[in-house]
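Trainee: The chain contents come next:
2 protein chains.
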Amino acid sequence: MSRFLSRQYENLEPYTPGEQPKSISRLIKLNTNENPYPPCPGVLEVINDEELNKLKLYSDPEASQLVEVIAEFNGLDKSQVMVGNGSDEILAFAFMAFRNEGNKIFYPEISYSFYPVYCDIFNASGVKVPLDKNFKVVPEDYYNADGTIVITNPNAPTGIALTREEIREILQHNKDNLVIIDEAYVDFGGESAVPLIDEYDNLLVIQTFSKSRSLAGARIGMAMGASEIIEDLNRIKFSFNPYNLNRLSILAGTEAIKDRDYFEKTTALIADTRDSFVKEMKMLGFKVLPSKANFVFAASEEISGEEYFKALRNAGIIVRYFKKPLIENFVRITVGTPEEMKELVNETRKIMQAIR
Amino acid sequence: MSRFLSRQYENLEPYTPGEQPKSISRLIKLNTNENPYPPCPGVLEVINDEELNKLKLYSDPEASQLVEVIAEFNGLDKSQVMVGNGSDEILAFAFMAFRNEGNKIFYPEISYSFYPVYCDIFNASGVKVPLDKNFKVVPEDYYNADGTIVITNPNAPTGIALTREEIREILQHNKDNLVIIDEAYVDFGGESAVPLIDEYDNLLVIQTFSKSRSLAGARIGMAMGASEIIEDLNRIKFSFNPYNLNRLSILAGTEAIKDRDYFEKTTALIADTRDSFVKEMKMLGFKVLPSKANFVFAASEEISGEEYFKALRNAGIIVRYFKKPLIENFVRITVGTPEEMKELVNETRKIMQAIR
Numbered sequence: 001m002s003r004f005l006s007r008q009y010e011n012l013e014p015y016t017p018g019e020q021p022k023s024i025s026r027l028i029k030l031n032t033n034e035n036p037y038p039p040c041p042g043v044l045e046v047i048n049d050e051e052l053n054k055l056k057l058y059s060d061p062e063a064s065q066l067v068e069v070i071a072e073f074n075g076l077d078k079s080q081v082m083v084g085n086g087s088d089e090i091l092a093f094a095f096m097a098f099r100n101e102g103n104k105i106f107y108p109e110i111s112y113s114f115y116p117v118y119c120d121i122f123n124a125s126g127v128k129v130p131l132d133k134n135f136k137v138v139p140e141d142y143y144n145a146d147g148t149i150v151i152t153n154p155n156a157p158t159g160i161a162l163t164r165e166e167i168r169e170i171l172q173h174n175k176d177n178l179v180i181i182d183e184a185y186v187d188f189g190g191e192s193a194v195p196l197i198d199e200y201d202n203l204l205v206i207q208t209f210s211k212s213r214s215l216a217g218a219r220i221g222m223a224m225g226a227s228e229i230i231e232d233l234n235r236i237k238f239s240f241n242p243y244n245l246n247r248l249s250i251l252a253g254t255e256a257i258k259d260r261d262y263f264e265k266t267t268a269l270i271a272d273t274r275d276s277f278v279k280e281m282k283m284l285g286f287k288v289l290p291s292k293a294n295f296v297f298a299a300s301e302e303i304s305g306e307e308y309f310k311a312l313r314n315a316g317i318i319v320r321y322f323k324k325p326l327i328e329n330f331v332r333i334t335v336g337t338p339e340e341m342k343e344l345v346n347e348t349r350k351i352m353q354a355i356r
Numbered sequence: 001m002s003r004f005l006s007r008q009y010e011n012l013e014p015y016t017p018g019e020q021p022k023s024i025s026r027l028i029k030l031n032t033n034e035n036p037y038p039p040c041p042g043v044l045e046v047i048n049d050e051e052l053n054k055l056k057l058y059s060d061p062e063a064s065q066l067v068e069v070i071a072e073f074n075g076l077d078k079s080q081v082m083v084g085n086g087s088d089e090i091l092a093f094a095f096m097a098f099r100n101e102g103n104k105i106f107y108p109e110i111s112y113s114f115y116p117v118y119c120d121i122f123n124a125s126g127v128k129v130p131l132d133k134n135f136k137v138v139p140e141d142y143y144n145a146d147g148t149i150v151i152t153n154p155n156a157p158t159g160i161a162l163t164r165e166e167i168r169e170i171l172q173h174n175k176d177n178l179v180i181i182d183e184a185y186v187d188f189g190g191e192s193a194v195p196l197i198d199e200y201d202n203l204l205v206i207q208t209f210s211k212s213r214s215l216a217g218a219r220i221g222m223a224m225g226a227s228e229i230i231e232d233l234n235r236i237k238f239s240f241n242p243y244n245l246n247r248l249s250i251l252a253g254t255e256a257i258k259d260r261d262y263f264e265k266t267t268a269l270i271a272d273t274r275d276s277f278v279k280e281m282k283m284l285g286f287k288v289l290p291s292k293a294n295f296v297f298a299a300s301e302e303i304s305g306e307e308y309f310k311a312l313r314n315a316g317i318i319v320r321y322f323k324k325p326l327i328e329n330f331v332r333i334t335v336g337t338p339e340e341m342k343e344l345v346n347e348t349r350k351i352m353q354a355i356r
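Residue numbers (my numbering), protein chains in the order written: chain C, 1 to 356; chain V, 1 to 356.
Take the hints with a grain of salt, since some may be wrong.
No copy is singled out in the list; a pair is fine if it fits within one copy or between any two copies.
[Said to hold, decoys possible] Calculated cross-link-like contacts (lysine to any residue; reagent style SDA-like; alpha-carbon spacing at most 20 angstroms):
#, residue 1, residue 2
1, Lys104, Tyr9
2, Lys54, Leu44
3, Lys54, Gly42
4, Lys78, Gln20
5, Lys265, Glu301
Please keep in mind that the hints were generated in silico from the structure rather than gathered at the bench.
Let the hints inform the model, and build the full structure from the sequences given.
Mentor: Quick look at the structure:
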């Protein structure tokens with residue numbers, strides 16, 4: 001820490017990203033919810049030598065071509081869409097833009113571990129709302145909140161989803177509060193709140209290209225909501241980092257949205273792989289929360305989350321373990337290819353046999 | 001504006017980027033200080049199908065390979081370097097991190113027009129320090145400031161540079177203040193303050209890949225300074241947007257640093273083109289400020305800056321005009337290829353003949 005750092009940040013605890021090993025050639029990487037399939041083929045076509053030479057020119061600060069295809073895909077006007085350098089940047093802009101008077105932010109006690117960091121950095125009071133005993137978000141607990149609401153849906157790391165009607169009720173009971181629905185994982189079986197945008201001017205939906213679009217490395221997120229909310233986010237963006245998307249990510253993202261067929265095939269395949277994998281894990285005696293995401297949250301009474309995590313790591317499989325109250329028996333496992341999941345099941349079988 | 005926007009931002013005036021025309025096929029674009037030459041050839045080699053397929057994976061949040069080559073190029077330790085999604089993002093992180101007690105930020109009255117926006121968004125008091133009558137930054141005016149200092153060197157849009165010794169004196173007379181030197185344009189003939197980093201722990205140098213590295217569209221900036229200062233910036237980054245650099249920009253940036261030969265050749269060529277162009281403009285009766293950057297700031301007593309800007313626009317040449325006190329007679333002209341500058345000189349000759 002330098003002597004120039006603002007006192008406000010002296011105790012700021014940054015977010016800890018999941019491990020990104022430098023070399024993954026002999027590892028099965030199921031720890032950061034990446035897509036096991038490559039980006040759609042159009043990405044490889046559109047990023048050609050001509051476009052690489054054009055890197056000498058600035059990108060379009062409006063990222064118009066990308067905003068337009070997202071709007072079209074979602075049946076929205078382009079004034080209802082903005083894009084960011086990953087959904088994390090959009091979340092940061094949102095936490096910054098919509099700090100309200102009392103400055104309270106309500107979010108599930110078990111959820112994306114970045115929310116408390118955003119509260120810290122933007123000096124807001126995070127209010128952690130407990131889940132029920134089945135790890136489900138209870139919609140009624142968010143009714144008539146006195147602050148902004150942020151809900152990941154499907155939730156992470158549990159994978160459990162609220163229905164669109166449950167989200168609607170939260171919106172309906174919070175007409176004067178902004179409700180942010182973080183839909184990073186919605187495309188694997190969840191119900192998006194996007195169809196509610198024209199009905200509720202207190203709704204902001206945030207999605208990402210990192211999971212269902214196979215573009216985690218391109219850093220693209222999107223925000224959708226009433227045009228006034230999008231205008232506010234753009235006001236922050238244009239006062240913070242106007243050229244936030246680079247040329248190649250704009251191109252790649254546009255292709256990923258245009259190829260609806262590839263998107264539907266790969267997300268359906270991942271959902272199928274997940275459902276078969278869940279059955280296998282249950283047969284091995286694991287408790288698996290009902291996931292609508294591209295990961296599952298699993299625990300066994302026979303082995304602690306940490307031990308299971310370490311045993312898998314020794315076998316060359318990386319999953320994610322959160323050393324936190326309430327969930328310390330669980331590990332979060334990203335859904336990879338059927339082959340990767342088979343390998344994980346085999347290793348798990350060995351691990352369980354060894355301790356039985 | 002939505003009813004949820006924080007009151008603090010109700011009057012926030014975002015930065016206005018220079019025009020990025022959607023189609024530039026028949027335009028000569030000399031308005032945003034881009035490099036007229038493509039990125040170094042290695043960029044086209046390293047971004048191949050294998051890397052495009054790897055876009056499914058997150059980027060390295062530390063951007064280690066890029067940080068390492070930057071450190072090596074500049075004779076620094078990697079703990080003294082960080083990278084951002086453009087130097088604008090680094091400036092934003094710096095304004096955020098180093099808000100001091102009195103919260104004053106000193107910068108030249110004529111300089112990068114984003115500084116006042118950062119002051120606004122981070123609730124700091126910007127103190128505009130006038131230039132002298134020759135548009136030069138006066139180092140003594142920054143001695144013993146009671147706040148943070150930000151100086152673009154060479155300055156923009158004037159192009160005039162301070163020497164390293166002048167920067168040293170500013171550092172020496174501000175031991176208790178952070179001094180940020182924004183060196184976006186330093187590689188075209190200016191003297192970098194990087195060699196002073198090991199001597200002064202109150203120095204933060206910010207550079208960009210957008211000008212001398214021909215990578216404006218890849219959005220890469222870099223910060224160099226004492227490791228404690230870099231640690232502070234990383235604390236903000238990891239609390240705001242940890243994966244701020246995408247995979248392809250990390251690859252492209254690494255190649256651009258490694259190809260020292262291409263970098264030296266293209267920057268020298270641009271400096272030569274600039275010097276010849278300045279002579280031509282002077283022959284046409286223009287006053288041209290002594291530029292060490294990849295642009296020149298020029299004015300004529302015979303035509304207003306706005307009229308000249310418009311006349312060039314009609315001829316298919318875009319330059320940048322700032323409708324602002326003190327500099328309203330000037331236009332800022334990016335140094336392009338020799339052919340582009342010849343075309344601009346020819347058009348200027350016609351414009352001047354028409355009004356004489």
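Trainee: Can you give me the call for Lys104 and Tyr9, within, between, both or neither, at a CA distance of at most 20 angstroms?
Mentor: both (19 angstroms within a copy, 18 angstroms between copies)
Trainee: Cα distance capped at 20 angstroms. Does Lys78 pair with Gln20 within a copy, between copies, both, or neither?
Mentor: between (35 angstroms within a copy, 19 angstroms between copies)
Trainee: Please sort Lys54 with Gly42 into within, between, both or neither, judging by C-alpha distance up to 20 angstroms.
Mentor: For Lys54 and Gly42, both the intra-copy (18 angstroms) and inter-copy (14 angstroms) Cα distances are at most 20 angstroms.
Trainee: Reference check for the pair Lys265 and Glu301, CA-CA at most 20 angstroms: within, between, both, or neither?
Mentor: Close neither inside one copy (36 angstroms) nor across copies (65 angstroms); limit 20 angstroms.
Trainee: Taking 20 angstroms as the upper bound on the Cα-Cα distance, should Lys54 and Leu44 be classified as within, between, both, or neither?
Mentor: both (16 angstroms within a copy, 11 angstroms between copies)
Violation of the numbered hints given earlier is confined to hint 5; every other hint is satisfied by the structure.
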